[in-house]
Amino acid sequence: MNVVNKIKLLIFLLFIILVFSLLNPNYFSLNNLFGILISISVAGLVCLGQGLCIITGGFDFSVNGVALVSGVVAAYLISKFNVNVWVVLLIILVLGTFIGFLNALIITKGNINPLIITLSMGSILTGLSFFMTHGSYINVKGEVFRILGTYRLFNIKVFQIPVVILAIMVLILLIILTQTSYGRFIYAVGGNKIAAKFSGIKVNLISGSAYLWSGFLSALAGYITASRIGSAQPGIGSTLALFSVTAVILGGISFKGGRGSILGAIIGITIIQCLNIGIRSLGLAIYYQELSIGMVLILAVYFDSLSSRRSS
Amino acid sequence: MKNSQAKFLDKNKKNRKIKNIDNLIIFAVLIGVVLYFSFKNKSFLDEVNLNALLITLSIIGIVCIGQTLLLISGTFDISLGSIVGFSGVLLAKILELFKINNLSLFILFAFIVVLIGGLIGFINGLIITKGKINAIITTIAMLSIIFALSMIISKGKYIKISNLSFLSLAAQKFGFVPLSFIFLIVLYLIFFIVLKFTVFGRYIYAIGSNENSVNYAGVNVDRIRILLFVLAGALSAFAGIILSSRLTTGHAIFGSSYPIITVAAGVIGGTLLSGGSGGVIGTFLGITLLTVLEGGFSIVGIPTHVKDIFTGTILMVSVIISESLLKRTKR
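Top line first, the protein sequences correspond to chains A and B. So the first sequence is numbered by numbering that gives the first Met the number 0: it starts at 0 and just counts up by one. So the second sequence is numbered by numbering that gives the first Met the number 0: it starts at 0 and just counts up by one.
Among the hints, erroneous ones may be present.
From the derived model, a few chain B residues whose C-beta atoms are all more than 12 angstroms from chain A [as the list claims (entries may be wrong)]:
1. 44
2. 110
3. 146
4. 176
5. 307
6. 309
Calculated pairs, BS3-like style, for lysine-lysine (alpha carbon to alpha carbon, straight line, at most 25 angstroms) [to be verified]:
7. 7(A) <-> 41(B)
8. 195(B) <-> 41(B)
9. 192(A) <-> 306(B)
10. 255(A) <-> 129(B)
11. 7(A) <-> 108(A)
12. 131(B) <-> 255(A)
13. 108(A) <-> 201(A)
14. 192(A) <-> 108(A)
15. 306(B) <-> 129(B)
None of these hints come from the bench; they were simulated from the model. C-beta: ideal position from N, C-alpha, C; glycine also.
This is chain B alone, in the form it adopts within the complex (with noise of 0.2 angstroms):
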């Protein structure tokens, strides 16, 4: 007994060092790439497009926090992207049809947008929990439902956005720092700490590792699964208003890619597709290091369209390697 409780926290202490072993080489090959693409080009780390890359970086990070945490329970949500262009499309145009232009007014119905992409990941949760019902496939089917309603509020078009508050949001910036870069900060400190140091963040890698254990164990696991999708559609729902802001306009197609880089962006960080391990530093340099190839490669010149054979490549060859990774260790 105690010798198989050593051997297994052998093991554990072996796994932690190959991911903080891993977690070194991201942050090894980000620093390389970095250092290339300003090679190549001077202008790569000016303030104008250091400030762009943070802003992009921000928007799709505080996507992929919620993702990570999905994947670590051992599912994830393809919906995500939809939620992003939806809240994005819904804020444009609630804005627009009451004409506000305060900041309050703002603030309160950002708030409602981000409460009802939460709503969204309730549904979700309800249907996959409750209902039993496969989650691929159900957030497959949302992803659909709500890409068609943003489709229709928007009734295909733009949504120019007239208010100044909401124009403002990703425009904000101390220095070359965004403000949207700052929330970013806040927010990852905030889910590490969770992840790390609350009872809630071990059942989320308990239940990843094995659900059933964990609902012997008495814990609430329909619970805390809804809760989950609850806390990505709502992080969804504030990247998209941010996304927009940037954008100057709601779109439907806005954040359609987010899906795949998120769940590349968790992998190569080291969370694996089985669940019950990783966590969102991982994530964060992973997204980290997908951003800035991207904006490499609009700087070195290579045409958008390879960049979703890019983002298809390295989500197949991180899963590849990260699952034969966790057999070896398995062994």
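Chain A on its own, in the form it takes in the complex (with noise of 0.2 angstroms):
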């Protein structure tokens, strides 16, 4: 994504602030700052992988699913049998990393469209959540399983664990991304995989791999939001698979594939966090963001398609 597109995406950004300020005078205040930062680290891991997905032409509809289920899981595992709080973190995270392998197992190996696959996964991953709790939640005793969503480094506000994350995996990433030649595979798989395969890139590995990240992250995000709460219950992030689908798109990554910056990812969930909090602060219902979110992605396809074609 060039210059331009992102000072265009950070003018849209400023006008839905200065819409909702002017709506509602709490709305630019440091404490809603704050809580729409925190929002955004959280849904912003899972953006991340949504990112790289749709970078190598796929995409994850399993995110919701797999969130969900790693918050049931770690709680479960800590109430229940008393494991470890560091142990549970890297089980959750292979757990996610696992889900993700076998998404990309099925996509790669058998061909098949990544909608219907992750979408059942994520059907399953659902079903098993609310298996576990029950339909109810978990409650966490403890003060460690807290750590990774309420402390804070060096004691500043702003410097929250779920940011500083967030930060940590956005330059991991660019710098995979833009240095190594892992990233450029992920570019020219996703640009053109005939081309691609011609040239002796292993097209399954990397495509494969993108749905490995997404698992990873959003099992990371999962576990976040649960420490957050200090509970797992399910039904918590049902919009986040829309919602990270959108942010991608609207940060001008293309829906084609081979196109796009991991940051306008972080662009795009920003903006979508801003209205999502924006709509909340003017006391409407939940389902008003949905209506909203729904109408951006949308026109977000609208101008990516037409902005493919112009270039093409």
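Taking the hints as your guide, dock the two standalone chains into a single complex.
What follows is the structure, given as structure tokens:
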């Protein structure tokens, strides 16, 4: 994505913040902006994975299922079996990556529509989490579990652990995507699969690896969400898949694959969360969020197809 | 030239044979499942349960028709489930607002709601064909918009239905056969004939297997695609009205699991995700099998949360099997 597009997005973002600040003076308060920052950091992790999947030309609709099941499994292991919190974190990350691996295996080996596979995977995982919790929530006692979600670095409010984690992940992925050959392969596979294949890139391996990233990052996001509220509950984050796809495409990662930057995805999720929290601050019911995000998604995809037509 | 043509015909015959065997296998599995559940629980095949099963089958079966047509043409619609919920909410709200109690006005407004369902499908089709936007993304966005609209109309609550003709729509029966099942059979017959014996039906298959060649043959592909989305939307709205009538309320969440189940039914019935093959008879067997399994689960006492796991697994496994079968026949 070029600089002009990024500036356009930032102007759009400022416009949204301005409108909501005029409608509700409390919107531009420090507390509220801080809340927005936290919500960006959790959803942003998911958007990074989703962004990678879309760059390689697929996408992942199991992100909410993965986030949900990892929160539930973490709470389950800690409260029922007293497993060490850090061991649980490791288990969750492996679990998320493994789910991503299953997605990748079926999608690339069977050459099957990623939507159908990840959608059914999401449905299975959601069902599993309801099954494990019987539809209610699991509370986790103890402060250690809450470190990742609520502690802050150097006791500075902005340096909350989730924000720091997101910043680190963005940095790592930026370096990988722009500086390594693996990163260039990811763009190559998304841009032109056949050309990539003929230049000796292991296409299945590369495009499959995006789902592994997505599973890993969604599991991390799910764990942080559970850690923030100190409990795991089914039903949380059911809109994550929709929001992440919208954010990524809004941020200029082309739906046709091969184009866009991870930073765009972060700008995209920033816009979405500003919109969400703005709608909530006006006292509107939560489903107005879905309505507006759905419309933003259609517009974003429309502009995406316009710009890709122009460039081709 | 002649040789290749003969080869093509031969392969076609082989494909058709595979499809027929598929349908027979599903039919055999269906009989087996019914026998199993009726052994497990004597009441599985009694009049009340059979009636309930047939109503459930009719409602989701009607949605399946539209989804199958779209699958054959090489795409699918994730927003159909939200149209099911929306139409129930909308009709219940209209009847409540105008305090309508007679039959003729009910039919009029039900007809209008079905048309609105078709209009939603029309918007989907227009965005997808004229805006050249991916069908998956469009219908997912539409899903969230329509779901949010029905939540806004109903304020997130159940809307009670008081109109007697609306209530009796699902309750109407002849013996143990519900009226809605007759609708279902008639609709399946119509679309079986459309797919098998009309030019329009052949175009749907042709678009699914090679859109470009149909376009070059001078057929207005966009118009057919839009029409398919309209049909799917209208059929879903009709199913939504019956569903609300059965549950005596309207709520946005009704039908939210339908997108996955309807695609699964189509795939089990031999319609490929990649388009160009399949038919409504296979879908009918597929959705009957899924409905009987679900109904049987609740009778045997398996908790409802397992249903999500079940439908997800079924869809995944059936897609994997059908796509690998496809690869074998292509070779």
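Results for each hint:
The non-interface label for residue 44(B) is consistent with chain A: the shortest C-beta to C-beta separation is roughly 28 angstroms, beyond 12 angstroms. Remark: the non-interface label on residue 110(B) is consistent with the geometry, its nearest Cβ contact in chain A lying 27 angstroms away (cut-off 12 angstroms). The claim that residue 146(B) is not at the interface with chain A is violated, since a C-beta of that chain comes within 12 angstroms of its own (minimum 6 angstroms). Every CB of chain A lies more than 12 angstroms from the CB of residue 176(B), the least distance being 32 angstroms, so the non-interface label holds.
At roughly 3 angstroms, the least C-beta separation between residue 307(B) and chain A is not larger than 12 angstroms, which violates its mark as non-interface. Not every beta carbon of chain A lies more than 12 angstroms from that of residue 309(B), the smallest distance being close to 8 angstroms; the non-interface claim is violated. Distance restraint check for residue 7(A) and residue 41(B): the Cα-Cα separation of roughly 67 angstroms exceeds the 25 angstroms cut-off, and the hinted pair is therefore not satisfied. Taking the CA atoms of residue 195(B) and residue 41(B), the gap is near 40 angstroms; set against the 25 angstroms cutoff, the hint is violated.
Between residue 192(A) and residue 306(B) the alpha-carbon distance is near 37 angstroms, which puts this suggested pair outside the 25 angstroms criterion. At most 25 angstroms may separate the alpha-carbon atoms for a hinted pair to count; residue 255(A) and residue 129(B) meet this at roughly 17 angstroms. Simply put, residue 7(A) and residue 108(A) have alpha-carbon atoms about 40 angstroms apart, too far for the 25 angstroms limit, and the pair is violated. Distance check on the hinted pair: residue 131(B) and residue 255(A) sit about 12 angstroms apart at the alpha-carbon level, within 25 angstroms; holds.
Distance restraint check for residue 108(A) and residue 201(A): the Cα-Cα separation of roughly 12 angstroms lies within the 25 angstroms cut-off, and the hinted pair is therefore satisfied. Taking the CA atoms of residue 192(A) and residue 108(A), the gap is about 15 angstroms. The hint holds against a cut of 25 angstroms. Only pairs whose Cα atoms come within 25 angstroms are accepted, and residue 306(B) paired with residue 129(B) is rejected, the gap being roughly 38 angstroms.
When the structure is compared with the earlier hints, violations turn up for hints 3, 5, 6, 7, 8, 9, 11, 15 and for no others.
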